[in-house]
Amino acid sequence: MRRYIFRGTSFRLPHVAFHADIHWRIPTGQRVVFEDFDDGIVAFDALVGSTHLLDVTAAEALAIIEAEPGLVAPAIHARLLERLGVGAESIPLAAVDELLWRLEDLNLIAGFI
Amino acid sequence: MNVGSLAPASIRAELAAAGLALNIPPITARLRSPLAFLADQIHSLYRDYEFVQSDAYADIDIRMLPVNGLRRWAGRQVQFVVDGVTPFEPFPLEHALPMFEWGLNWVVSHRLHGHLLLHCAVAARNGHAVLFPAWPGSGKSTLSAALACSGWRFLSDEYGIVALDDARLLPFVRPVALKNDSIDVMRAFAPEAFIGPVFPKTRKGTVAHLRPPEESVRRGNDSVVATSIVFPDFQRGEGTSVKRVPSAAAFLKLAGNAFNYEVVGEPAFRAVAMLVRSCSAWILRYGDLAAARAALDDILHEEVR
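Residue numbers (numbering that gives the first Met the number 0), protein chains in the order written: chain A, 0 to 112; chain B, 0 to 304.
Hints are not guaranteed to be accurate.
[What the hints assert, rightly or not] Simulated coverage check for chain A against chain B, where a stretch passes if three residues somewhere in it have a Cβ under 8 Å from a Cβ of chain B:
#, region
1, 34 to 41
2, 68 to 74
[As the list claims (entries may be wrong)] With a Cα cut of at most 20 Å, we get these calculated DMTMM-like pairs of lysine to aspartate or glutamate:
#, chain 1, residue 1, chain 2, residue 2
3, B, Lys242, B, Asp180
4, B, Lys178, B, Asp297
5, B, Lys200, B, Glu214
6, B, Lys252, A, Glu103
7, B, Lys252, A, Asp35
8, B, Lys242, B, Glu214
9, B, Lys252, A, Glu34
10, B, Lys252, A, Asp37
11, B, Lys203, B, Asp180
12, B, Lys242, A, Asp37
13, B, Lys242, A, Asp38
14, B, Lys203, B, Glu100
15, B, Lys200, B, Glu93
16, B, Lys200, B, Asp183
17, B, Lys242, B, Glu191
18, B, Lys178, B, Glu191
19, B, Lys242, B, Asp297
20, B, Lys203, B, Glu301
21, B, Lys252, A, Asp54
22, B, Lys178, B, Asp232
Hints were generated in silico from the structure; no laboratory data involved. Ideal placement from N, C-alpha and C gives every residue a C-beta, glycine not left out.
Just chain A, same shape as in the assembly (with noise of 0.2 Å):
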């Protein structure tokens, strides 16, 4: 079982593709359910068996992926704005993008172009 906690603020290497090139959709086959608590909410990933620990806006961002397969990356940071109620200032597109891409790592979503 692996275990993440999405807070972090360091950032990946440049990736091969910009960003807002990228759509991304949950894998096919691919289903996670969540359990949300007061300190987290746990993500089990139904496909392989893992389980994840998400903070408020990586399960947010699985859930607008998830009903609305294909979006690029700054549409996903202006939904998540939206639903959290907060401002670019607290969650920077970057950031956003820094968090797609560990998502990716964990197979939870995927990136196509």
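Model the placement of chain B on the given structure of chain A, informed by the hints.
Just chain B now, kept in the frame of chain A:
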């Protein structure tokens, strides 16, 4: 009919012939062996367990057999055979009982996938069941033995067997495997408790088995609802401290402690969530059993309030 109602000679004869099908809820395990000393040890430690007709269905069929062939040159040894398969290398003959106990644990952890199997001790008091999830060496067996000898209902020193539909805990009452210093600790803590023969130089050090209380064996079919999850942390010579664990963190600790969480999949995830939602979770650091017992009383008192 209980094992203790049979004369030792009858137990030896049963084991050597068709076997003795022990009712160890939630399973029935048939044991066959020609080893008279093993029969006597089973007679003592499983005294209060019911057995069924030897030709009745048993979930698990175990034979403890002296090894024939070349291995005899390595000294007298015993082989654990389950349903005709030998999953382990033989043990020294005199370690037949520890091998039976470990082997049965191994079978359970590899087969009972209709339930979530947590690696934990379980004990209950006044209707409040407490899970003690921990990996080996953290003191959970000793702690559960101490509680069993202090009026608590003992459910297991090794397994939290969790029903997937409602997260109720099924008892798996077995002799408590005490290791190394724990043997003398328990002799001092509960001089009246029956502890079987001491087996030095096993693969886990010196081992002895404490017979579970008769009342706990008798209630082996009564499932319970967990109200607390206590992660024990034995630190020799340390004081006692109790710290609350937030729910999501408790979830990860509990799921990471299971034998078959990934095997069972989403129903296991749901069962862990049910447990975490219905229980308070704590880390109990302790240096002696009496202090741990007092701290647990405080935790249960907190639950009642």
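Agreement of Lys203(B) and Glu301(B) with the hint, judged by alpha carbon distance not exceeding 20 Å:
Distance of about 37 Å is beyond 20 Å: violated.
Is the hinted pair Lys200(B) and Glu93(B) satisfied, with a Cα-Cα distance of at most 20 Å?
With Cα atoms ~11 Å apart, Lys200(B) and Glu93(B) stay inside 20 Å; holds.
Take a quick look at whether Lys252(B) and Glu103(A) sit within 20 Å of each other, Cα to Cα.
Given that 20 Å is the threshold and the Cα spacing comes to 24 Å, the pair is violated.
Going straight from one Cα to the other, do Lys252(B) and Asp54(A) come out at no more than 20 Å?
Status holds; Cα separation ~17 Å.
Assess, step by step, whether the Cα of Lys242(B) is no farther than 20 Å from the Cα of Glu191(B), and give holds or violated.
Cα-Cα ~33 Å, so violated.
Take the C-alpha atoms of Lys252(B) and Asp35(A), compute the straight-line distance between them, and say whether it is at most 20 Å.
holds, 16 Å
Hint check: Lys178(B) vs Glu191(B), CA-CA at most 20 Å. Holds or violated?
holds, 18 Å
Is the Cα-Cα distance between Lys242(B) and Glu214(B) 20 Å or less?
Distance of about 32 Å is beyond 20 Å: violated.
Take a quick look at whether Lys200(B) and Glu214(B) sit within 20 Å of each other, Cα to Cα.
Violated - the C-alpha atoms of Glu214(B) and Lys200(B) are around 32 Å apart, more than 20 Å.
Between the alpha carbons of Lys200(B) and Asp183(B), is the straight-line distance 20 Å or under?
holds, 16 Å
Taking beta carbons only, do three or more residues of the region 68 to 74 of chain A come closer than 8 Å to chain B?
violated (count 0)
Restraint status (C-alpha distance of Lys178(B) to Asp297(B) at most 20 Å):
Given pair Lys178(B), Asp297(B) is violated - Cα atoms ~28 Å apart, limit 20 Å.
Violated hints, in rising order: 2, 3, 4, 5, 6, 8, 17, 20; the structure is consistent with all others.
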